[in-house]
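Asker: Protein chains in written order, with the working numbering: chain Z, 15 to 391; chain D, 61 to 165; chain B, 2 to 369.
One thing to keep in mind: the hints can contain errors.
Claimed, not checked - Straight-line C-alpha distance at most 25 Å; calculated DSS-like pairs for lysine-lysine:
| hint | chain 1 | residue 1 | chain 2 | residue 2 |
| --- | --- | --- | --- | --- |
| 1 | B | K121 | B | K150 |
| 2 | D | K68 | Z | K226 |
| 3 | B | K342 | Z | K57 |
| 4 | B | K150 | Z | K347 |
| 5 | Z | K57 | Z | K43 |
| 6 | Z | K43 | Z | K224 |
| 7 | Z | K338 | Z | K43 |
| 8 | Z | K43 | Z | K275 |
| 9 | Z | K199 | Z | K224 |
Keep in mind the hints are simulated off the structure, nothing from the lab.
Now for the letters of each chain:
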Amino acid sequence: MKYLTEFRNGEIAQRMAREIHAITTRPWKIMEVCGGQTHSIIKNGIDQMLPAGVEMIHGPGCPVCVTPLELIDKALAIAAQPGVIFCSFGDMLRVPGTDADLFQIKGAGGDVRVVYSPLDAVELAAKNPDKQVVFFGVGFETTAPANAMSVHVARRRGLSNFSLLVSHVLVPPAISAILDSPGNKVQAFLLAGHVCSVMGYWEYPPIAEKYKIPLIVTGFEPLDLLDGIRRAILQLEAGMHEVENAYERIVTYDGNQPAQKLLAEVFEVTDRAWRGIGVIPRSGWRLAPAYQDFDAEARFHITGIHTQESSLCRAGDVLRGAIKPAECAAFGKECTPRHPLGATMVSSEGACAAYYNYGRFLSAEDLATAGSGLTHA
Amino acid sequence: MCLAIPGKVVGVSEENGLRMGRVDFGGVIKRVCLDYVPEVELGDYTIVHVGFALSKIDEAEAVRTLEVFRQMGVLEEELADGDEAFARAAAAPQSSCPDGSCAPK
Amino acid sequence: MPEQAGAPAPTAGVPDFSNWSCPLPLVGYPTIVMGHGGGGKLGNELVEHLFLPAFRNPALENLGDAAVLNLGGVGANVARLAMSTDSFVVQPLFFPGGSIGELAVNGTVNDLSVSGAIPKYLSASFILEEGFPLAQLAAIVEAMAAAAKAAGVAIVTGDTKVVERGHGDGCYINTAGIGVLREGIEVGPHRARPGDAILVSGTIGDHGMAIMSVREGLEFESQIRSDCAALNGLIAAVLDAAGPAVHAMRDPTRGGLASTLTEIAQASSVGIEISESRLPVRTEVQSACELLGLDPVYVANEGKAVFFVAPDAADLVLATLRAHPLGRDAAIIGQVTAEHKGMLVARTAMGANRVIAQQIGEQLPRIC
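Assemble the whole structure, with the sequences as input and the hints as a guide.
Answerer: What follows is the structure, given as structure tokens:
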């Protein structure tokens with residue numbers, strides 16, 4: 015695919031890795047915020063290509079992972095109701111609530127459907143006027159424009175049977191919260207490139223200035239990630255703390271203006287609980303008063319939710335970058351993708367799932383030497 | 061958090077008051093909402109997430125970036141000590157031929 | 002699993018998990034969920050912890066694609082047959098490149114073929130939903146007849162049942178097949194050996210993505226067509242050429258190449274190493290996978306086979322495959338190792354290694 019495959023060239027990647035080795039003189043800790051970047055790093059083994067002292071810390075940029083347990087339980091309660099078509103992105107289907115997940119609700123007779131786009135859910139509402147169609151609107155700023163458009167269109171078409179269960183989270187407050195937390199070791203951030211394609215990167219210079227930390231807008235393909243890491247290290251080695259755009263073919267300083275305009279109309283900032291981390295003030299979006307009538311939480315009045323997290327689960331520590339998944343006592347034992355204790359083991363981009371699925375339970379040495387006997391291949 | 065991929069706009073239309081497009085992703089065509097990218101026209105490349113185009117791809121910039129990447133590390137010969145994974149990577153075959161007919165590097 | 006000596010009769014309708022020999026009873030899912038049919042771990046658990054303990058017998062325990070049966074006889078008249086069954090519940094019933102009809106015939110023909118048998122006879126049982134249009138049934142049956150003729154098998158017996166409207170998704174088909182095992186051929190998932198070369202007969206992911214392209218909520222336009230085909234001719238050519246050098250064969254259907262390779266690795270207690278750049282994938286299939294966030298190694302195929310062959314026969318098998326119309330895109334993709342037993346490791350284009358884990362249930366499209 016054009017403008018995608020070229021940025022996965024193995025030979026160029028190795029040369030870029032050589033470049034990183036050449037410029038690094040000290041150990042550095044860099045956090046990638048976005049779960050999609052975590053997935054790409056682990057899957058492609060980017061971290062295996064870096065100098066020994068450079069550590070990638072995986073951040074809480076997995077909207078699936080950080081959706082509050084209470085909201086998952088509400089989603090399950092709504093999906094179980096007769097007369098409801100509950101639509102969701104595929105990622106959410108196996109996230110464990112207190113007692114069940116959406117897959118099990120589907121198994122018990124709930125009408126749970128995977129859709130590619132929120133507009134597909136709107137179409138379902140138009141085609142099924144006798145049903146309540148609910149869309150599970152999770153995501154960072156990248157997904158918010160799609161969710162905003164879905165309620166905007168539903169209102170314009172008079173689809174009163176459509177509603178949105180909202181759990182949007184924002185990147186800049188998360189970064190500030192991480193930098194404010196005691197024991198923080200992160201020295202530079204790779205900013206989420208697609209979040210910035212919507213929001214631009216005008217929000218970040220004050221953060222770079224306040225915390226004296228380099229912030230690099232970075233893409234998702236191996237070459238983009240290596241370039242973001244390279245630029246972060248260049249700044250760290252030189253004692254600089256600026257915002258840089260390493261994803262210029264997609265991201266501009268101002269971002270997508272039409273999207274930001276509709277976002278400002280449909281959503282308003284709110285405090286948000288991040289599963290495993292806690293409440294981060296003003297770190298989320300909820301529907302603005304003018305769109306409140308499309309809020310599924312208000313429409314369905316779910317009460318009596320008693321949430322209960324697994325006592326063994328250390329997803330919060332993983333999301334904060336305090337531990338690597340393999341350092342959790344339950345990793346690979348009580349907690350596996352087959353029996354996940356927390357969302358980070360379920361989401362395809364959760365750090366725990368990435369580590370497990372890409373074999374990080376093999377010792378680094380075993381993984382490194384695997385395949386060395388490949389002759390025909 | 062953001063699985064967004066680049067595609068080429070091969071058709072533009074209006075549906076239910078929204079500017080929609082047919083976008084070609086390497087031979088696979090999907091209906092995409094173009095309402096957020098009024099500057100994107102037929103023949104342009106755009107990045108798409110959950111059925112919405114979010115940004116026009118600056119093709120000149122893409123080419124320039126790739127060229128910069130290609131030039132990196134060309135003069136470097138030394139590998140860092142003890143970096144086993146990297147040494148293997150440097151020695152790995154770079155074949156992209158599915159039929160196996162390309163010789164390993 | 003240890004042998005079980007006479008379990009007490011369970012209370013009617015309530016399985017008594019505590020008496021099963023397997024230490025990990027089914028937990029977490031008190032009802033069947035879609036993932037149980039996905040070709041991954043959930044489905045395997047059902048086999049291991051429910052069907053196998055209940056039905057236990059030597060022919061079943063190999064858990065190959067077909068069961069090898071000894072029907073008695075003396076000397077040259079010893080009859081060695083293979084038997085296989087498969088049910089087809091695909092939605093939609095008609096998709097680019099085929100229908101449930103071709104799948105039903107070719108699926109069982111292929112299961113017999115990869116077990117080293119020459120497929121001969123099939124049964125066909127239909128469960129039809131009240132209200133299902135006869136024109137559609139006729140089209141399906143015609144497709145089955147054509148597929149059977151092309152494969153050289155006869156459908157010799159069958160059954161039809163009708164269920165009430167609202168049950169049965171239109172049409173479900175079960176086919177069971179019998180084949181005659183070839184002399185001198187012993188293949189099975191437990192026979193892979195360190196050093197064996199691994200080949201795939203062509204491009205992966207075509208069938209699953211053809212289905213995705215017409216699945217509600219995820220549809221897209223493309224030229225992707227199911228690869229549904231009978232493989233008995235292709236496999237016969239390989240066995241004619243390389244005979245006992247072929248240790249294992251399998252058709253990677255639900256769960257894709259990854260599940261098949263992992264199952265063989267586990268059954269044979271070996272490790273597998275493949276090179277991602279060697280996997281044949283059509284550009285459009287790759288694009289469709291990118292769009293939905295799927296990995297082609299987990300996507301279903303219906304007209305492909307993997308072969309585990311002794312290393313010095315690899316080139317011969319490759320040439321034989323490529324000479325056949327169904328094997329033009331065949332490739333050697335990796336080899337068997339004595340390391341990391343039971344695990345599939347892939348060398349990525351970056352030169353790093355990643356483990357390809359067995360998926361849990363179905364692969365789900367993702368946004369992240």
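Asker: Taken at face value, is the distance from the CA of K347(Z) to the CA of K150(B) at most 25 Å?
Answerer: violated, 51 Å
Asker: With the threshold set at 25 Å, check whether the alpha-carbon distance from K43(Z) to K275(Z) stays at or below it.
Answerer: violated, 36 Å
Asker: Below or equal to 25 Å on CA atoms is what counts here, so check K43(Z) against K224(Z).
Answerer: holds, 19 Å
Asker: Keeping to a limit of 25 Å between CA atoms, is the pair of K338(Z) and K43(Z) held or broken?
Answerer: Distance ~13 Å between K338(Z) and K43(Z) Cα, so the pair holds.
Asker: Decide if the proposed pair is consistent with the structure: K57(Z) and K43(Z), CA atoms, cutoff 25 Å inclusive.
Answerer: holds, 20 Å
Asker: Between the alpha carbons of K68(D) and K226(Z), is the straight-line distance 25 Å or under?
Answerer: violated, 40 Å
Asker: Keeping to a limit of 25 Å between CA atoms, is the pair of K342(B) and K57(Z) held or broken?
Answerer: holds, 21 Å
Asker: Quickly compare the C-alpha distance for K199(Z) and K224(Z) to 25 Å and report which way the hint goes.
Answerer: Holds. K199(Z) to K224(Z) sits at ~16 Å (cutoff 25 Å).
Asker: Need the status of pair K121(B), K150(B): alpha-carbon distance at most 25 Å?
Answerer: Holds, because 11 Å separates the two Cα atoms, which is no more than 25 Å.
The structure fails to meet hints 2, 4 and 8 from the earlier list, while all remaining hints are met.
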